[in-house]
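*Asks:* Going by my numbering, the sequence shown opens with residue 5, and the numbers climb by one from there.
Treat the hints as calculated values from the structure; they're not laboratory data.
It should be emphasised that the depicted structure is a prediction, and the values quoted were computed from it without experimental measurement.
By construction, the Cβ of each residue, glycine as well, lies at the ideal position given by its N, Cα and C atoms.
It is possible that part of the hints are untrue.
Ranges of calculated distance between the beta carbons of each label pair, as one might list FRET restraints [to be verified]:
1) Ile18 to Pro88: 21 to 27 angstroms
2) Glu41 to Phe20: 27 to 33 angstroms
3) Asp52 to Phe23: 22 to 28 angstroms
4) Arg109 to Arg76: 29 to 35 angstroms
Derived DSBU-like pairs (lysine-lysine); straight-line CA-CA distance at most 30 angstroms [said to hold, decoys possible]:
5) Lys44 to Lys121
6) Lys44 to Lys61
7) Lys25 to Lys121
8) Lys25 to Lys78
9) Lys25 to Lys126
10) Lys61 to Lys126
11) Lys60 to Lys117
12) Lys44 to Lys78
13) Lys44 to Lys60
14) Lys61 to Lys25
15) Lys78 to Lys117
16) Lys117 to Lys61
17) Lys25 to Lys117
18) Lys61 to Lys121
19) Lys78 to Lys121
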Amino acid sequence: MSQGNGVEPAAEQIVFDDFAKVDIRVGVIVSADPFPEARKPAYRLTIDFGPEIGLKKSSAQITDHYGLDDLRGKSVMAVINFPPRQIGPVRSEVLVLGFPDEAGRIVLATPDKAAPKGARLK
Numbered sequence: 005m006s007q008g009n010g011v012e013p014a015a016e017q018i019v020f021d022d023f024a025k026v027d028i029r030v031g032v033i034v035s036a037d038p039f040p041e042a043r044k045p046a047y048r049l050t051i052d053f054g055p056e057i058g059l060k061k062s063s064a065q066i067t068d069h070y071g072l073d074d075l076r077g078k079s080v081m082a083v084i085n086f087p088p089r090q091i092g093p094v095r096s097e098v099l100v101l102g103f104p105d106e107a108g109r110i111v112l113a114t115p116d117k118a119a120p121k122g123a124r125l126k
């Protein structure tokens, strides 16, 4: 439940082994396209995670802060080991990470310095 400022209370504690199961990697958006079939405004993204992981597709509700041209070439962080999920006609293979701003609009989680495609969060 939100505390009125859009910030949720902390989740229950987990052990490191739980965290280690979540595979978060850096990728670079190679294409971003409109996704008019989505229930909420979203884009269809293709993200390059380097030669070991390859190209993955995702749907992301990030239209408030980002235009299509802003996204191409942008580094993002994503969970790559969730099972694929069908979102309308899009098979979303990764979960792109972001945080809600004060109005609930998503701001992408990005590395603040260059990291190689496919680098894992440590």
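*Asks:* Holds or violated: are the alpha carbons of lysine 25 and lysine 78 at most 30 angstroms from each other?
*Replies:* Roughly 26 angstroms between the alpha carbons, so the hint for lysine 25 and lysine 78 holds.
*Asks:* Straight-line Cα separation of lysine 25 and lysine 121 no greater than 30 angstroms?
*Replies:* Holds: lysine 25 and lysine 121 sit about 20 angstroms apart, inside 30 angstroms.
*Asks:* How does the Cβ-Cβ distance of isoleucine 18 and proline 88 compare with 21 to 27 angstroms: does it lie in that range?
*Replies:* With Cβ atoms ~24 angstroms apart, the hint holds.
*Asks:* Starting from lysine 44, check that the Cα of lysine 78 is at most 30 angstroms away, please.
*Replies:* Between lysine 44 and lysine 78 the Cα gap is close to 22 angstroms, so the pair holds against 30 angstroms.
*Asks:* Would the pair lysine 78 and lysine 121 pass a check requiring their Cα atoms to be no farther apart than 30 angstroms?
*Replies:* Cα-Cα ~11 angstroms, so holds.
*Asks:* Need the status of pair lysine 44, lysine 61: alpha-carbon distance at most 30 angstroms?
*Replies:* It holds: about 18 angstroms lies between the C-alpha atoms, which stays within 30 angstroms.
*Asks:* Take the C-alpha atoms of lysine 44 and lysine 121, compute the straight-line distance between them, and say whether it is at most 30 angstroms.
*Replies:* Roughly 29 angstroms separates the two Cα atoms, so the pair holds.
*Asks:* With a cut-off of 30 angstroms on the C-alpha distance, tell me whether lysine 25 and lysine 126 pass.
*Replies:* Holds - the C-alpha atoms of lysine 126 and lysine 25 are around 12 angstroms apart, at most 30 angstroms.
*Asks:* Does the alpha-carbon distance linking lysine 25 and lysine 117 stay inside the 30 angstroms limit?
*Replies:* Cα-Cα ~24 angstroms, so holds.
*Asks:* Lysine 78 and lysine 117 were given as a pair; does the straight-line alpha-carbon distance stay at or below 30 angstroms?
*Replies:* The given pair, whose Cα atoms are some 12 angstroms apart, holds under the 30 angstroms limit.
*Asks:* That 22 to 28 angstroms hint for aspartate 52 and phenylalanine 23 (C-beta), does it hold up?
*Replies:* 25 angstroms Cβ-Cβ, so the 22 to 28 angstroms window holds.
*Asks:* Using the Cβ atoms, figure out if glutamate 41 sits within 27 to 33 angstroms of phenylalanine 20.
*Replies:* violated (40 angstroms)
The structure fails hints 2, 4 (numbered hints given earlier, in ascending order).
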